[in-house]
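Visitor: Read top to bottom, the protein sequences are chains B and W.
Position in the first sequence (first residue = 1) + 21 = the working numbering.
Position in the second sequence (first residue = 1) + 94 = the working numbering.
Calculated from the structure, these hints are not laboratory results.
Not one of these hints is a red herring.
Covered by chain B, per the in silico footprint, the following chain W stretches (three or more residues, Cβ under 8 angstroms):
hint, stretch
1, 247-258
2, 318-324
3, 334-346
By construction, the Cβ of each residue, glycine as well, lies at the ideal position given by its N, Cα and C atoms.
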Amino acid sequence: MKHVRLLVLTDDLPRASLALAETQCFHPDRREPESERFATLPGRTFHEIHTQARARLDKIARLIPFEPATSLEPARVIDQAELARLNDWLGRLWDETSSYEEDFRQLDDERHLIHEQQAALENFSHLNIDLGMLRAKTRFLNIHVGLVPRENLRQLEGAVALAGYILHVYLERGDNTHVVIVGPADAKDAGLASVLAAAGFQAIPIPEGLDREPTELQRDFERRLAAIAEERAQLTETLQRWSERYHEPLREAQRTLQLADPLVSLDESLRSCGHLTHLAGWVPAHTVAALRERLDAALAGTYDLSIRDPLPEERPLVPTVPVKSRLLAPFALLVNQYGIPSYGEVDPTPLFALTFLIMFGSMFGDVGQGAVIALAAWTLRDRFGRFWPFGLMAGGSSVLFGFLYGSLFGYEHVLPALWMNPLSDPLLMLRLALIWGVFFIVVACLLAIYNRWAVGQWREALFGHHGVVNLVFYLALIAGGAGLADGTGFGTVPALLVAGSLAALAWHSWLHQQAPVGEKILVVVIETLETLIGYVSNTLSFLRVAAFSLNHVALSIAVFTLADMMGTFGHLVTVVLGNVFVLVLEGGIVMIQVMRLQYYEGFSRYFSGDGHAFRPIRFGRGPA
Amino acid sequence: MSQVADQAYLNTRVSVMAARLFAPSLVERLAHLPLSALVEEFGLAALLDDQAVPAARRRAVEQSLFQLLLSELLVLTRPMNANERALMLDWGRKYALYNLKTLIRGKLHDLDRREINDNLFELPAHIRLADKELFGAENVLELLRQLEAGPQRQIARQAREVYEQQREPFALEATIDQRYFIGLVRRVQVFDEPHRQWLRRLISAELDRIGLLWMLRFRFTYGLSPSETYYWLVPSMRLLTRERLLHLVDLDGFEQVLEALPEPLRTRCADCRSIAEIQPRLARHSLDEIRLVLARSPSAVARALAYLMLREADLLRLFAVIQGRLLGFDDRIIQHALAQIEPGVPGN
Numbered sequence: 022m023k024h025v026r027l028l029v030l031t032d033d034l035p036r037a038s039l040a041l042a043e044t045q046c047f048h049p050d051r052r053e054p055e056s057e058r059f060a061t062l063p064g065r066t067f068h069e070i071h072t073q074a075r076a077r078l079d080k081i082a083r084l085i086p087f088e089p090a091t092s093l094e095p096a097r098v099i100d101q102a103e104l105a106r107l108n109d110w111l112g113r114l115w116d117e118t119s120s121y122e123e124d125f126r127q128l129d130d131e132r133h134l135i136h137e138q139q140a141a142l143e144n145f146s147h148l149n150i151d152l153g154m155l156r157a158k159t160r161f162l163n164i165h166v167g168l169v170p171r172e173n174l175r176q177l178e179g180a181v182a183l184a185g186y187i188l189h190v191y192l193e194r195g196d197n198t199h200v201v202i203v204g205p206a207d208a209k210d211a212g213l214a215s216v217l218a219a220a221g222f223q224a225i226p227i228p229e230g231l232d233r234e235p236t237e238l239q240r241d242f243e244r245r246l247a248a249i250a251e252e253r254a255q256l257t258e259t260l261q262r263w264s265e266r267y268h269e270p271l272r273e274a275q276r277t278l279q280l281a282d283p284l285v286s287l288d289e290s291l292r293s294c295g296h297l298t299h300l301a302g303w304v305p306a307h308t309v310a311a312l313r314e315r316l317d318a319a320l321a322g323t324y325d326l327s328i329r330d331p332l333p334e335e336r337p338l339v340p341t342v343p344v345k346s347r348l349l350a351p352f353a354l355l356v357n358q359y360g361i362p363s364y365g366e367v368d369p370t371p372l373f374a375l376t377f378l379i380m381f382g383s384m385f386g387d388v389g390q391g392a393v394i395a396l397a398a399w400t401l402r403d404r405f406g407r408f409w410p411f412g413l414m415a416g417g418s419s420v421l422f423g424f425l426y427g428s429l430f431g432y433e434h435v436l437p438a439l440w441m442n443p444l445s446d447p448l449l450m451l452r453l454a455l456i457w458g459v460f461f462i463v464v465a466c467l468l469a470i471y472n473r474w475a476v477g478q479w480r481e482a483l484f485g486h487h488g489v490v491n492l493v494f495y496l497a498l499i500a501g502g503a504g505l506a507d508g509t510g511f512g513t514v515p516a517l518l519v520a521g522s523l524a525a526l527a528w529h530s531w532l533h534q535q536a537p538v539g540e541k542i543l544v545v546v547i548e549t550l551e552t553l554i555g556y557v558s559n560t561l562s563f564l565r566v567a568a569f570s571l572n573h574v575a576l577s578i579a580v581f582t583l584a585d586m587m588g589t590f591g592h593l594v595t596v597v598l599g600n601v602f603v604l605v606l607e608g609g610i611v612m613i614q615v616m617r618l619q620y621y622e623g624f625s626r627y628f629s630g631d632g633h634a635f636r637p638i639r640f641g642r643g644p645a
Numbered sequence: 095m096s097q098v099a100d101q102a103y104l105n106t107r108v109s110v111m112a113a114r115l116f117a118p119s120l121v122e123r124l125a126h127l128p129l130s131a132l133v134e135e136f137g138l139a140a141l142l143d144d145q146a147v148p149a150a151r152r153r154a155v156e157q158s159l160f161q162l163l164l165s166e167l168l169v170l171t172r173p174m175n176a177n178e179r180a181l182m183l184d185w186g187r188k189y190a191l192y193n194l195k196t197l198i199r200g201k202l203h204d205l206d207r208r209e210i211n212d213n214l215f216e217l218p219a220h221i222r223l224a225d226k227e228l229f230g231a232e233n234v235l236e237l238l239r240q241l242e243a244g245p246q247r248q249i250a251r252q253a254r255e256v257y258e259q260q261r262e263p264f265a266l267e268a269t270i271d272q273r274y275f276i277g278l279v280r281r282v283q284v285f286d287e288p289h290r291q292w293l294r295r296l297i298s299a300e301l302d303r304i305g306l307l308w309m310l311r312f313r314f315t316y317g318l319s320p321s322e323t324y325y326w327l328v329p330s331m332r333l334l335t336r337e338r339l340l341h342l343v344d345l346d347g348f349e350q351v352l353e354a355l356p357e358p359l360r361t362r363c364a365d366c367r368s369i370a371e372i373q374p375r376l377a378r379h380s381l382d383e384i385r386l387v388l389a390r391s392p393s394a395v396a397r398a399l400a401y402l403m404l405r406e407a408d409l410l411r412l413f414a415v416i417q418g419r420l421l422g423f424d425d426r427i428i429q430h431a432l433a434q435i436e437p438g439v440p441g442n
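Same shape as in the complex, but just chain B:
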């Protein structure tokens, strides 16, 4: 990765941003330039206009759906004047479009009110008053019938009481309460109307002819609802007819905004002084020549480009180019859940993918169940998005190990095992799991050492967690442990190496502590003990790889024991349900266990994950 600094004429900024976006290799560096003369923000107004125009276009698109532009070719420079004109046009169009939106809302409100009226009418029968009076204005009484939001009721009750009115609740429905408010016409409070408005009171018009048949009234309501539905359909049609002529201009507007995106993305990195603008960023080393070529073509040499390697103190700022491989992409997603590799750090994705598949397959080896996982991932690939190759590969690995174990939907004797059934030699499985664990931890430690060495942290590579001294200690411990298992004893050389490496770690810890002697002793003892116990327990952690492969077979045996107790049909049902159970439950648990081994035993040793992804500016990405 190279750090580039570009000086261009402020007027050339749109052209420069277009060129940078076309190369798709420029990740902006948002730090302020060293020179304090570059103080003004030349892209700010452009950014603001763009944001407003984008918001307007999005709102319009909700009502006027149009096919998005298929291509941005030919790319052209969008200057501020053009963007401002587009923004104004979108503003005027939104004014017109929003009136349709308002009409739709009014229709919805009317429909809602009719529903409330229907409900209210059913309940008027519970009111022991002359319903005709509710509509008629009387000389002595003011009557308000309507609904208020339920949460305002109590407050409204007190307020109307102060005005000399009484409030009667006759129906509670959803968030609303239906009320009748009655008071003397000469009540002392003339401001009741504003209270009712404040409380969101909505009057319910009392239909004419309350003495008519209820079914007739209901028919009335239905007719009005049908009329509203028709009006809505007409409005939709009118909107559609009216909006057809705008489809192409809107597509063009969207295209314009996408072409303006690069300059908007650069906004925070731009600083200018007079007619000169400074911007800086990170570019992959192999794209520098292409970038220079593109800038030459766009700016005809009126620019200054300086390129240098990242400084050691800039390392945390340098972005990391993400994995491009389609097969590795889903694994990269899982790695990114933990963190993004720092610049210079080994990207663990390929190693993660390989070890993940090996562990998953060995813990869940079954030809049939693996095929189901793979098939499900393939069938549902649209729903899984970029994640489906992950399911396909995990299923494939399970199938592969299923052939090795000779396991098909839990049947252990249908397929001949290419290797052996795990349950036929559990001790071998456990031994292999331990060897795998040692291999995994050693690789993790080697990566940790390399990662530190690569960024110049020599001391950390030697004495830090999982550094060289730790690795020597671990290998000696394993050699001694193997000797003990073989009955030849721990051995002098391993013992000396273990003691020596622990002493070195303790001494290093002692030197780096600033505390009273007693506390230092305590910390050194605990840290040393933790190192010893940590490596032993971490290695034993890998026994779960064998345990789950055994568990898988054991679960299958349990399913078949149950199935054998049934008749033919019951056998079939139990086997099918048992397989579903194993697939869902054990499949999930195995997945979690593998992730746990990867994150805890692997990443926590060698992967800092505190980098950030390379995100070059490009068209259509939107504001930064």
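Please build the complex by placing chain W on the supplied structure of chain B, with the hints as guidance.
Guide: Below, chain W alone, put in the same frame as chain B:
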């Protein structure tokens, strides 16, 4: 016993943080400290040195003090359960509502986007509104409709309906405030004893202060009717309860209302002639109540909230003094401003 154990961490945290509250002696000499002393004592040098323009310096200090307050809020919420955290975050959400009001005023007065932006608080993700989307709204109604689609649905719906019917900015802001405080009261109701008792005391201290001020303003400054005044008020759970408010709003004179106030509000406001005189006394009453909760409450969440209220008042004081110094005001004016500081009212 288990309750004591559950709250031990939070209680300890609050006690440790309470040591940051300004001592009475500091509050007294705050108005007399020169800018250099303030900068040194509160570590604001870097903040003020970076900003050339006085307005930018003032803004930087304001944002930094509120960031400090809100970061302390988030620290306190970490060991809390869901209800406790929700209450604390709701309290912090008032800043989101200040932002909402700023946006509304900006839209009403057709202010420049940058001008509006300069007056917004930068808030953490937990409590902020979708400011960027709301900015895209062309007018107040559109803004409220957008807000209706989010977690502030209740507040936004009521505010929109009120605004649609009345086109009255006052009603709009009053609805937002009223809904906010009603929401806060509801949050307290879900707690068990003794939390509820102390939280009610705490929130009531705020509601009593705000309720009395609103009542006097609405009735005698804005000339609203008793029923409309009552509608906008939020009854407290201690002094200015529903029944008492019903009685008070129906009185016809300023003095009559003060006469009819419950103790200790009556004694506190006895010889006041104007709302301006009442305001600092109510603020003192409210702060005394909050201090009492912090000192005596067995409820850790009530203490945590009380701490935040007091801390907020302290930071507002500090900001008021810095602002006064940056604007070149003398000690007397700054002292007067300090007396007006109420918890929950930034930029007072």
